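For the record, the sequence lines run as chains A and B. For the first sequence, my numbering gives the first residue as 1, with consecutive numbering after it. For the second sequence, my numbering gives the first residue as 1, with consecutive numbering after it.
If you're looking for bench data, these hints aren't it; they were derived computationally from the structure. Here the structure is a predicted model, which means the values were calculated and not measured. Heads up, the beta-carbon is just placed ideally off N, CA and C, and yes, glycines get one too. Fair warning: there could be bad hints in the mix.
In silico contact screen, one side only, chain B against chain A (beta carbon under 8 Å); selected entries [as the list claims (entries may be wrong)]:
1) 34
2) 38
3) 51
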Amino acid sequence: MKKQKLVMVGNGMAGCRTLEELLKLAPDMYDVTVFGAEPHPNYNRILLSPVLAGEMTLQDIVLNDLDWYKHNDITLHVGKKVTNIDRIKRRVIAEDGTVADYDRLLLATGSMPFILPVQGKDLPGVIAYRDIADTEAMIEATRHLRHAVVIGAGLLGLEAANGLKLRGMDVTVVHVADWIMERQLDKPAADLLMKSLEAKGLKFALGKQTSELIKGESGRVAAVRFKDGDAIPAELVVMAVGIRPNFELAEKSGIYSNRGIVVNDTMQTYDPRIYAVGECAAHRGVAYGLVAPLFEQAKVCANHLSQFGIGRYQGSVTSTKLKVTGIDVFSAGNFMGGEDCDEIVLNDPAGGVYKKLVLKGNQLVGAVLYGDTADGAWYFQLLRDKQSVREIRDHLMFGQNHVGDVGHAGQSKAASMPDEAEVCGCNGVCKGSIVKAIKEHGLFTVDDVRKHTKASSSCGSCTGLVEQILASTVGGAYQPAESKDKPVCGCTERSHGEARKAIREHKLLTIPAVMHFLEWKTPNGCASCRPALNYYLISTWPHEALDDPQSRFINERAHANIQKDGTFSVVPRMWGGLTTPTELRTIADVAEKYQVPTVKMTGGARIDLLGIKKEDLPFVWADLGSAGMVSGHAYGKSIRTVKTCVGAEHCRFGTQRSMAMGVKLERMLFGMWSPHKVKLAVSGCPRNCAEAGIKDIGVIGIDSGYEIYVAGNGGIKTEVAQFLCKVKDDDEVQEYAGAFLQIYREEGFYLERTCHYVARVGLDHVKKHVVEDTENRKRLHERLLFALQGYEDPWRAAVEKAAVRREYQILEVA
Amino acid sequence: MVTWKQICQLDDIPRLGTRVVRSVAGNVAVFRNGEDQVFALHDKCPHRGGPLSQGIVAGSVVTCPLHSWKIGLENGEAMAPDKGCAHRFSVKIEGSSVWLQID
């Protein structure tokens with residue numbers, strides 16, 4: 001088939017992102033021709049401010065160099081402005097007469113700076129701030145001119161002013177409103193920001209309306225005069241009073257435009273052959289000026305251009321970050337509040353911190369943060385997801401990490417962190433290397449940063465901080481990942497929830513069946529999605545879906561924990577932390593026989609034998625098994641341990657027999673696979689020596705029975721378990737604990753700990769199904785017991801079955 | 001000297017799985033993909049020496065179990081942005097047996 005012709009007018013970020021997305025989906029579908037009015041390949045317009053500030057060079061901000069166009073067979077016309085679209089003959093004509101035919105046309109003409117209609121606006125020395133040419137003009141001006149006036153104290157104006165100041169000019173920012181950035185900030189935040197910008201040497205003239213730009217003797221601009229008669233010297237005037245969509249070409253060609261080229265949810269204009277993306281497009285009456293929404297549009301547009309036809313753009317909620325080095329500002333949504341809105345405010349002017357959260361009913365609808373913006377991404381997520389904050393309202397202001405997020409010394413102010421400060425404690429990545437990678441490789445997502453720098457790729461506790469660094473480096477281009485319907489991995493567009501639903505509703509029993517049904521893009525998935533699907537299958541259809549060892553991480557496939565040198569560690573189960581002289585003797589014998597280099601106590605009250613060769617595992621297990629010991633599953637997304645205190649059996653304070661209770665629970669749960677690891681603890685009295693407050697399920701004995709706590713976590717981020725209910729005896733503990741774990745097993749997403757699961761669905765949901773609804777609780781408990789029925793110790797299987805043992809054997813060649 | 005050695009039957013390697021061969025050249029990981037093609041790499045990740053044989057095989061890539069580097073089975077090259085290469089061995093199927101070339 002002959003290739004279709006795609007012409008793109010406008011060679012900026014939105015357009016090129018659309019092409020990139022299109023090339024990913026359908027690399028051979030179109031012959032592509034691109035017209036750009038500027039004499040440059042696509043560059044990162046957002047980073048013009050750091051260029052002006054002298055922190056980056058023009059070279060640094062090129063996103064797609066000329067080789068990229070060449071490599072993808074794209075015909076590129078730079079420095080050619082398209083002046084006509086002939087919609088009947090389907091071709092575009094450029095100023096210089098260049099003509100290109102199209103089957104599909106993509107308009108990405110961006111926006112134009114708004115120029116105040118005052119006398120003197122055309123004088124030399126008066127410029128807008130929009131492209132490389134403007135930036136170069138400003139840099140040139142800083143070499144020999146002294147006074148600069150920036151008109152407009154919005155995002156762009158302040159960044160321009162900051163850049164000019166850093167290059168040595170005397171800068172005054174003129175603004176018509178009573179406070180700066182009034183579209184993004186409320187007055188208290190703006191005052192703090194102004195104070196810190198003043199400390200950097202900027203001057204401000206607020207509430208001033210410009211009436212005239214005065215010509216000097218040289219013919220250049222020399223001063224700015226205001227309506228009130230005052231005037232200030234200015235050899236350089238930068239107009240940064242806003243932008244407006246550039247839809248002149250479209251309108252002239254008869255394409256319906258109304259404050260932008262009007263597009264539908266597929267980014268199609270009123271001419272079905274013509275699409276529009278970016279700042280020039282008006283979607284549901286809104287033309288977006290920030291990069292994040294444009295990238296979402298690009299994705300949808302590419303999807304339709306490639307004839308997949310499944311994406312819809314439904315508008316964006318935007319957030320703002322100011323890119324002035326060392327200043328943290330964040331705002332999103334309706335930050336001014338109004339009727340029906342409540343405000344939660346924290347104001348510490350001396351400490352330079354101001355935070356305002358705006359709530360409407362149970363939802364967060366707006367936020368302004370100054371000084372400490374670490375939680376900006378989290379608030380933005382809550383806002384976008386329209387998540388109910390009822391349960392967390394009382395500590396919402398203190399942020400996501402107000403209880404112990406370990407591993408980076410409580411650092412929370414991304415922009416003010418020094419470059420050498422360590423961000424990722426797992427992989428030793430400091431702020432400087434993250435910023436460098438973002439700038440050098442043009443990264444826009446946390447995922448990209450993770451791949452390039454390894455920051456936040458291990459335990460993930462620094463993700464918020466990495467998000468903040470990304471946001472403060474790329475500003476408005478940063479868009480936090482969709483949390484609710486995030487695809488499982490790069491192999492699919494489907495979310496965990498959709499995968500679970502399909503498996504349940506269509507009774508899918510194998511991984512290939514799931515992948516086929518949900519149209520996976522890769523033949524057999526990847527190391528991220530296969531373990532997830534395997535878990536969903538065996539948890540949804542126990543005894544029917546077959547476990548696939550090749551889709552399990554090595555630890556679960558080999559029933560031991562892999563160590564850095566490739567050897568394994570073996571942890572035999574000690575029910576409730578109890579052991580016997582025979583078991584200890586056997587463990588000692590094994591340690592000697594196999595020359596185990598390290599024997600240590602685990603945190604879960606059992607013994608770890610470290611440094612065992614994989615081929616020795618079945619022999620070690622055979623010896624341990626002879627004393628009755630079975631797998632401790634210290635390696636699995638599964639039940640780990642039930643930690644116990646001594647309890648009423650021996651303790652003079654004990655109210656309940658916690659050891660016996662712990663053993664009962666551990667025996668009940670033996671062999672339970674779950675979305676992530678599960679740890680329990682049982683304490684015999686409220687002194688809680690078993691530390692039940694930080695377990696997935698914590699059981700605490702009281703005189704009248706037990707209290708059950710759920711969704712605690714003592715790892716990366718300390719989460720105190722939440723009170724679920726009181727029960728009267730051991731049987732009830734088993735039933736409630738079993739039911740809670742079963743609902744988690746059925747609804748949890750893979751790698752979601754109970755604390756994350758409960759945070760997602762809400763404790764009320766869990767209480768409703770597990771505590772209030774007796775029948776449902778009993779059914780959940782029964783389903784758990786059914787799933788665990790007949791579970792065989794995996795160590796014994798490896799000892800007894802030759803087919804299983806093969807996993808551990810090495811092939812020898814002579 | 002270049003010699004071909006018969007190492008096992010194809011069925012001895014699980015589909016999307018791996019077997020380890022001990023040889024004079026060190027441990028070699030022999031992979032079988034979803035289309036029953038076989039590949040062989042030195043069983044050491046170019047990153048920190050993790051045993052590639054213990055990783056999950058998908059498409060024509062194995063993910064190292066230690067730090068999740070993705071290594072191409074056909075050439076042993078790490079996937080971008082990581083850089084590094086695991087030594088590749090020649091391997092072939094004749095009838096139902098798998099042969100490995102040890103140099």
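Hints versus structure:
Checking residue 34 of chain B against chain A: minimum C-beta separation of about 5 Å stays under 8 Å; hint holds. Interface hint at residue 38 of chain B: violated, since its Cβ lies 13 Å from the closest Cβ of chain A, which is beyond the 8 Å cut-off. At about 4 Å, the closest approach between the beta carbon of residue 51 of chain B and any beta carbon in chain A falls short of 8 Å, and the interface hint on this residue holds.
Of the numbered hints stated above, the single one contradicted by the structure is hint 2.
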